[in-house]
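Given these sequences and hints, build the entire structure.
As they're listed, the protein sequences go chains A and B. Here UniProt numbering is used: the first residue of the first sequence is 1, the next is one more, and so on. Here UniProt numbering is used: the first residue of the second sequence is 1, the next is one more, and so on.
Since the hints were derived computationally from the structure, they do not count as laboratory data. Some hints here could point you the wrong way.
What the hints assert, rightly or not - Derived, one-sided and incomplete: chain A residues facing chain B with beta-carbon distance under 10 Å: (1) Asp-25; (2) Gln-30; (3) Glu-187; (4) Glu-196; (5) Ala-198.
The beta-carbon is built from N, C-alpha and C at its ideal position, and this holds for glycine as well.
There are 2 protein chains.
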Amino acid sequence: METERIWTAALVVIGDEILSGRTQDKNIAQLASWLNVQGIRLAEVRVVPDREDAIVEAVNQLRARNDYLFTTGGIGPTHDDITVDSIAAALGVGVVHHPDAVAVLEHYYATRGGITPARLRMARVPEGATLIENRVSGAPGIRVGNIFIMAGVPHITAGMLGSLTGTLEGGRPVVSGTVGCWVAESEVADLLRATEKAHEGVSIGSYPFFREGRTGANFVVRSPDAALVERCLEDLRAALAAAGHEVVAGGI
Amino acid sequence: METERIWTAALVVIGDEILSGRTQDKNIAQLASWLNVQGIRLAEVRVVPDREDAIVEAVNQLRARNDYLFTTGGIGPTHDDITVDSIAAALGVGVVHHPDAVAVLEHYYATRGGITPARLRMARVPEGATLIENRVSGAPGIRVGNIFIMAGVPHITAGMLGSLTGTLEGGRPVVSGTVGCWVAESEVADLLRATEKAHEGVSIGSYPFFREGRTGANFVVRSPDAALVERCLEDLRAALAAAGHEVVAGGI
Chain A
1 METERIWTAA LVVIGDEILS GRTQDKNIAQ LASWLNVQGI RLAEVRVVPD
51 REDAIVEAVN QLRARNDYLF TTGGIGPTHD DITVDSIAAA LGVGVVHHPD
101 AVAVLEHYYA TRGGITPARL RMARVPEGAT LIENRVSGAP GIRVGNIFIM
151 AGVPHITAGM LGSLTGTLEG GRPVVSGTVG CWVAESEVAD LLRATEKAHE
201 GVSIGSYPFF REGRTGANFV VRSPDAALVE RCLEDLRAAL AAAGHEVVAG
251 GI
Chain B
1 METERIWTAA LVVIGDEILS GRTQDKNIAQ LASWLNVQGI RLAEVRVVPD
51 REDAIVEAVN QLRARNDYLF TTGGIGPTHD DITVDSIAAA LGVGVVHHPD
101 AVAVLEHYYA TRGGITPARL RMARVPEGAT LIENRVSGAP GIRVGNIFIM
151 AGVPHITAGM LGSLTGTLEG GRPVVSGTVG CWVAESEVAD LLRATEKAHE
201 GVSIGSYPFF REGRTGANFV VRSPDAALVE RCLEDLRAAL AAAGHEVVAG
251 GI
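Structure representation (structure tokens):
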């Protein structure tokens, strides 16, 4: 049997605003969903403060052991935006103004008060970098080696991901299917374990909830093999129904 | 000058459902806000998959360099709940059934179909652990050394944090204040940097947005010294107004 190549990515979320609780992160879920479609698995995430040593440590550990590394946050024009300098430090390269980024910013700010030194900061990139198109606002994202430097604001990152769609090599996308059931997950723990074991290559996650005064759970079957997911879902539905539980196809 | 002791915590979010994008994490922001009130700083976060080696690595790195380590997720009754075993492995101790947890679960399930082996799994703890009261559902949280093992479901974790409130040693809580301004942050980058520099001990974060067709930013001043935050906010408001920008006290 051939082993399937799994492509992985990691994410470093850079920002005191996430660690202070001020801002609810939305980039983890957004990147995870986008990566799934590219056939790339989000393998690990770190949230680090706006501090160079913390960024360097996370970037260097995670870029070495994943195919791709994404960062979000810290690429604006102000003093707390230190992502570019920190990643250049992690790579041991200098920081330069990218001429295309300068042109993009000059054009963008031509009707918005003109270019300034602070705005020009957003054209700074680690040496050897290329740009990622920003379809939403001015400053572009940055690619350097296997590192993709994205914005912190989720809808700007969404636009940058849009311009990367289909450009990264991946494997088969992970397919998932859900069975909902009005049951306490603890009642069917053995059944779930046995069903997962009987279908090598799937993972079954169990996500309980309490709603409308009733206990229920969604069981999510995942695998890159769509036919396998379908067979496992059928068996799971049948086993739950045979045990006398109220099953809802597609989840609750 | 005396150096102020800073208390730090880290969080390990355990869960394939976060890394797959299926579930939007809410525990990072919730824990961060709660820690602030306890005078403890959330210093770093990792999101790891439901895999023992990944959990062990994160737990051992982060518990060593922070005063406290929290985990969320993976303490339910099903086969994908491997947090307790993984943390026991990280600590090099065995796993035992905690008698008080057994009693809690027997009581909780007495009116819910009775105790079963799967449900009893939730009474398993690393050797030497104590329990954290669960005010919302049955299975308690777990404390072992400086590690606090919490639920994945946010409102259950909220209840567990509630029962820990005031019990962890911390320093002075970080105080923050916000000035909103209808300005592109790039126009005031120098002003922000200078204001931060003039008030040693504060950090100023800049959080831009685009709303109702206008560009604005919130500037957040943080420090454990409330008087210092107030002075810095006043100076920042004055400097922004003197530069001709429309300032909104308390943020936009």
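Evaluated hints:
Interface hint at Asp-25/A: satisfied, since its Cβ lies 6 Å from the closest Cβ of chain B, which is below the 10 Å cut-off. For the restraint placing Gln-30/A at the interface with chain B, the shortest Cβ-Cβ distance is roughly 7 Å, inside the 10 Å limit, so the hint holds. Because the beta carbon of Glu-187/A sits about 7 Å from the nearest beta carbon in chain B, less than 10 Å, this interface hint is met. Satisfaction of the interface hint for Glu-196/A is found here, the shortest Cβ-Cβ separation to chain B being roughly 7 Å, below the 10 Å cut-off.
Interface hint status for Ala-198/A: violated, as the beta-carbon distance to the closest one in chain B is roughly 13 Å, over 10 Å.
When held up to the earlier numbered hints, the structure conflicts with hint 5 and nothing else.
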